[in-house]
Amino acid sequence: MKKVIVTGINGLIGQYISKPLEELGFEVFGIGTKSIKKSNYCSMDLNDHIKLENIFKEIKPEYLIHLAWDTKKGYLESEANFDLLYSSIKMLKYFKENGGKKTVFVGTCFEYKFKDTPLKENDDLNPTTIYAKTKNYLREMSELYSIKNNIDFCWGRVFYTYGDNENPNRLFPHIINSLKEDKKVSINYSQLKKDYIFAGDIAKSIALIIDSNVNGIINLCTSNTISLEEIALTIAKKFNKINLLELKKLNTEEPKIIVGDNSRLVNEIGFKNFTTVGEWVNKYLN
1 MKKVIVTGIN GLIGQYISKP LEELGFEVFG IGTKSIKKSN YCSMDLNDHI
51 KLENIFKEIK PEYLIHLAWD TKKGYLESEA NFDLLYSSIK MLKYFKENGG
101 KKTVFVGTCF EYKFKDTPLK ENDDLNPTTI YAKTKNYLRE MSELYSIKNN
151 IDFCWGRVFY TYGDNENPNR LFPHIINSLK EDKKVSINYS QLKKDYIFAG
201 DIAKSIALII DSNVNGIINL CTSNTISLEE IALTIAKKFN KINLLELKKL
251 NTEEPKIIVG DNSRLVNEIG FKNFTTVGEW VNKYLN
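Going by UniProt numbering, the sequence shown opens with residue 1, and the numbers climb by one from there.
Some clues are possibly wrong.
[Stated by the list, open to error] Here are the simulated SDA-like cross-link-like pairs (lysine to any residue), alpha carbons at most 25 Å apart as the crow flies: (1) K249 <-> E230; (2) K148 <-> K193; (3) K193 <-> A236; (4) K180 <-> L244; (5) K72 <-> K96; (6) K51 <-> T71; (7) K72 <-> Y145; (8) K148 <-> T71; (9) K72 <-> K148; (10) K3 <-> K113; (11) K19 <-> E58; (12) K248 <-> T225; (13) K34 <-> I59; (14) K193 <-> N273; (15) K120 <-> E97; (16) K113 <-> R170; (17) K96 <-> Y145.
Worth flagging that the hints you see were computed from the coordinates, not collected in a lab.
Make the full structure from the sequences, and use the hints.
Written out as structure tokens, the structure reads:
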């Protein structure tokens, strides 16, 4: 079987990835920070380089999917980004030294210089946070290293994401949990439109990418937008609690619309069956 190591396998995207990989004939080895007992799983900190190197020596994977990152509160400007940048480059080196052939790393749409039209993979970049800058720098260094060492490298730029087991401070769980407790939900910039993609769809897309001959940057997005108001209303209607919403269209310097061009994902990878917010809400809240 084709061996693949997946970092962040318990995370928002990682929780969905084992099944599509196994269906494509991969033997999945997961790395995460949770202390749980299951086969082919290692609980560890990626900054433990000795342990990390030993894992690659032991498994000798041909494939690597790197999802792990620190997304705790304050992560956009956290110094943890620098540690993970260094550890990620070290990991790519261990991957190469043990016969690695293809890898998919994930980045963020916040690498882009935002505009009101769909963002394409070769559009201008303007990362402004430490998080976005370290992600972009990781891409640049990983591309160079992969070219030099004949590794097929793909960078998935993830847009706005939602799914099961999210951090309770994020938009979807905040709305859901507040309404469950009959608390008012205030959305300050409800007019903003963003490209939200279900984390399970990202996982399926990455599985297809790692099993393909496609390399380079690929936007992981739907190419459709939904406003924060629409998201809140979709959830509130399910609870029959629209009266608890406070939808405010306040002035902001944030882009009015953030949407990606997913032509590569659809045409080259062949992923087309996107989950809508309404479909996920109906399934999750039933």
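Results for each hint:
The hinted pair formed by K249 and E230 meets the criterion: a straight-line CA distance of about 13 Å does not exceed 25 Å. Distance restraint check for K148 and K193: the Cα-Cα separation of roughly 40 Å exceeds the 25 Å cut-off, and the hinted pair is therefore not satisfied. A C-alpha spacing of about 18 Å is found between K193 and A236, which places the hinted pair at or below 25 Å, so the restraint holds. For the given pair, K180 sits about 11 Å from L244 by alpha-carbon distance, which is consistent with the 25 Å threshold.
Simply put, K72 and K96 have alpha-carbon atoms about 30 Å apart, too far for the 25 Å limit, and the pair is violated. Proposed proximity of K51 and T71 is supported: the alpha carbons are some 22 Å apart, at most 25 Å. Of the pairs offered as hints, the one joining K72 and Y145 is violated, with about 29 Å between alpha carbons and a cut-off of 25 Å exceeded. Between the alpha carbons of K148 and T71 the distance comes to roughly 31 Å, so the proposed pair goes past 25 Å and is violated.
Taken as a hint, the K72 and K148 pair is broken in the structure, with Cα atoms around 34 Å apart against an allowance of 25 Å. With a CA separation close to 36 Å, the supplied pair K3 and K113 exceeds the 25 Å bound. Simply put, K19 and E58 have alpha-carbon atoms about 23 Å apart, close enough for the 25 Å limit, and the pair holds. For the given pair, K248 sits about 19 Å from T225 by alpha-carbon distance, which is consistent with the 25 Å threshold.
Between K34 and I59 the alpha-carbon distance is near 20 Å, which keeps this suggested pair within the 25 Å criterion. With a C-alpha separation of about 21 Å, the suggested pairing of K193 with N273 holds against the 25 Å cut-off. A C-alpha spacing of about 33 Å is found between K120 and E97, which places the hinted pair above 25 Å, so the restraint is violated. For the given pair, K113 sits about 23 Å from R170 by alpha-carbon distance, which is consistent with the 25 Å threshold.
Restraint check: the Cα-Cα separation between K96 and Y145 comes to about 9 Å, which is no more than 25 Å; the hinted pair holds.
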